[in-house]
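Colleague: Chains as they are written, first to last, in the working numbering: chain A, 21 to 287; chain B, 200 to 644.
Rather than coming from a laboratory, the hints here were simulated on the basis of the structure. Glycine included, every Cβ here is placed at the ideal spot set by N, Cα and C. Incorrect hints may have been included.
Which residues of chain A face chain B? A partial, calculated answer using Cβ under 8 Å [as the list claims (entries may be wrong)]: (1) Ala-104; (2) Arg-105; (3) Val-116; (4) Ala-133.
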Amino acid sequence: MIRPDAPLLLEICDLHASVDDQPILHGVNLSIRAGEIHAVMGRNGSGKSTLSKVLAGHPAYRVSAGSVLYRGEDLLALDPEQRARRGVFLGFQYPVEIPGVSNLEFLRVATNARRLEQGHEELDTFAFEDLVRERLELVKMDPAFLERSVNEGFSGGEKKRNEILQMALLDPLVAILDETDSGLDIDALRIVAGGVNQLASPDNATLLITHYQRLLDVITPDYVHVMAAGRILRTGGKELALELEDRGYDWVDAELAALAQAPVEVG
Amino acid sequence: MAAPSLSSAVPAAVPTARPAAGAGSSRWGTALLEAVGLGPEAALEPARQRAWRGLAERPLPSRHDEAWRFTDTTAMAAIAPQLLAAGAAGPLALPPAAAGVVRIVLDGGEDPLAGVSLPAGIEAIPAEELEALRLQEAAAAGGGAGWGEPEAGGSWIGLLAAAVAPRLLALRVRGAVAPGLELVSDSGAAAGVLPLRVLLLLEPGAELELLQVHRAAGASLTAVLLEARIGAGAKLRHGLVAQGAAASVLLADLAVRQEPGSEYSFSSAVAGWALSRLQPRVLQGAGAATTRLRALQRCDQRQIADHHSQVRFDGPEGELDQLHKAIAAGAGRSVFNGAVEVPRAAQRTNAVQLSRSLLLSDRARIDTKPQLEIVADDVKCAHGATVTRLQQEELFYLQSRGIDAAAAGTLLLRGFCAEVLRELPAAAAVWQPLAMLLAEEAPRP
Ligand SMILES: Nc1ncnc2c1ncn2[C@@H]1O[C@H](COP(=O)(O)OP(=O)(O)OP(=O)(O)O)[C@@H](O)[C@H]1O
Ligand SMILES: [Mg+2]
Chain A
21 MIRPDAPLLL EICDLHASVD DQPILHGVNL SIRAGEIHAV MGRNGSGKST LSKVLAGHPA
81 YRVSAGSVLY RGEDLLALDP EQRARRGVFL GFQYPVEIPG VSNLEFLRVA TNARRLEQGH
141 EELDTFAFED LVRERLELVK MDPAFLERSV NEGFSGGEKK RNEILQMALL DPLVAILDET
201 DSGLDIDALR IVAGGVNQLA SPDNATLLIT HYQRLLDVIT PDYVHVMAAG RILRTGGKEL
261 ALELEDRGYD WVDAELAALA QAPVEVG
Chain B
200 MAAPSLSSAV PAAVPTARPA AGAGSSRWGT ALLEAVGLGP EAALEPARQR AWRGLAERPL
260 PSRHDEAWRF TDTTAMAAIA PQLLAAGAAG PLALPPAAAG VVRIVLDGGE DPLAGVSLPA
320 GIEAIPAEEL EALRLQEAAA AGGGAGWGEP EAGGSWIGLL AAAVAPRLLA LRVRGAVAPG
380 LELVSDSGAA AGVLPLRVLL LLEPGAELEL LQVHRAAGAS LTAVLLEARI GAGAKLRHGL
440 VAQGAAASVL LADLAVRQEP GSEYSFSSAV AGWALSRLQP RVLQGAGAAT TRLRALQRCD
500 QRQIADHHSQ VRFDGPEGEL DQLHKAIAAG AGRSVFNGAV EVPRAAQRTN AVQLSRSLLL
560 SDRARIDTKP QLEIVADDVK CAHGATVTRL QQEELFYLQS RGIDAAAAGT LLLRGFCAEV
620 LRELPAAAAV WQPLAMLLAE EAPRP
């Protein structure tokens, strides 16, 4: 839902970032207002996950230029945990397995960290069990997964559902979902997309990273961005995704070549 | 009338408070023998006499002993070479035993069984019977060191405990014993040596869950020799929780002999000692038994945590499943040496040994060494060792959910510990082994 007067949640301005001294993001610009759903598409290796990791504060990525404001505040100055507590959520493309750490306890500690920041009281184990059981419904997940170690031995699809469960518990203002649709069977895709739709509200925003139109058939994006070589090359409405489905990414090379000829001035 | 308990098999030594007269570390063992105050001529059982002489010849292990190469014994030499007086620890503040667990407190004092009602199926072995048993064993072993006696030149810890422990707790187990058994020693802040000897005889088909707990807060040395014989088809689930302090030393020699068809599992959690050394030594006398070893040790500050295990298969079709875990923080030093001996007679042995260590500081050190001696050709033996740090991706995942770096690190550590802790006998919970492993200075209840 596009409302020009809705508050700006995220403003990414000329963001450059590198990993191991290798530059990967070359000036990303993107603004997201409350209520909006953005889709980011692009070839493998174009920098989509890198953008998501930088926003979440992964220590391996170094920001060399540019800025990110989250609700007007300098997001890059915050530790990863502070970003999460204030409402930035990253659904991982590859959720991490943590042997020996109970999923239920992990979810409770994470939920309480966010709740404290929101000014709510912490939930004890019983109150949390009630909450988590209710949210499990949203992703149709078997409560048995709560008893297991975090993501350990989960199938690809089960890990993605666990990500959405976390999102449902953490109640984020900006949710970045990195290929949450990949590895899901048709039913699971519908369930996960339904969950995302239900969690979307006029007060929050979603950034969907995806390769497939089939996700965007269920979650209608307000904007579609195409990322290439570490920047956003083109932005359009939902029809841009359909066009990509038709034409593929060959046109990207031509535009990148043109850019290389005449670099765009930023600033 | 029950047979007299074996706690009186050996005359109790009178502890003397004489300090070691300028005892250099090489004199430590002999100074201790002098302080204990009985010579080998005294009316001691032959086994103890032999141990006495052995200790007089090998007063203290040093780095020249291959088996102690990585283990600095300075902390040991700093302990007053005298026996800890019974009751010196003062009134003990022990957590109540878990429901259905029978506790025996070992404090070097008179009769550890006084006031204890042993569960049905467990009885103290009378002195005469024990002596007969020993002779049989010695004969079976061809007149050499039989089961239940530390081999000369073998385990120094065994020698130490056998030479100076004033008494022996000897128990026989018949049938499946439902209540768990708990053996507890706590030296408190007292200084000196607390030697403990325990002998367990599991008759064929017997089943027992046993938890050993050792605690110390002062400059004391707890020296344990536990010998167990697990009869055919018998099962022993054995746990050890040991919580020490900056000047305390724990040395434990656990000599286990398994008959065919028996199952032995041992899991341990050790933290906080200036120096700790566990020596589980398992002999599958005729193979065809299963052995499961799980260990977790943490060393912090300048502590040394050492684990020397030895498993020998003297017959075919034995099984071993071993996992050793270590956490090395501060300037701690962790040593693991896992010997597995598979002689020609041990065909179709199946042994797996893994060592996983977590290095939490640049000043900490980990020495881990599998030591496989395989002569038989038709065997499956797998081993592996890893040393890692806390994984950045795991930490970041937790942080990205609002969990701060310190709490995330603790969660990961708990995960690391869980794999071993969940195998401890149920009686271990009241000793809070997890809190012990996570705390830098372990809390004492
Ligand atoms: N930690 C890293 N070390 C080295 N190179 C990296 C690292 N992270 C990302 N890169 C490189 O940066 C580029 C962008 O990777 P990124 O994961 O952001 O792509 P992506 O758009 O998410 O691709 P995909 O669609 O395959 O998920 C790739 O060339 C990748 O190899
Ligand atoms: Mg990616």
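Colleague: Run through the hints listed earlier and report the numbers of any the structure violates, in increasing order.
Modeller: Every hint satisfied by this model.
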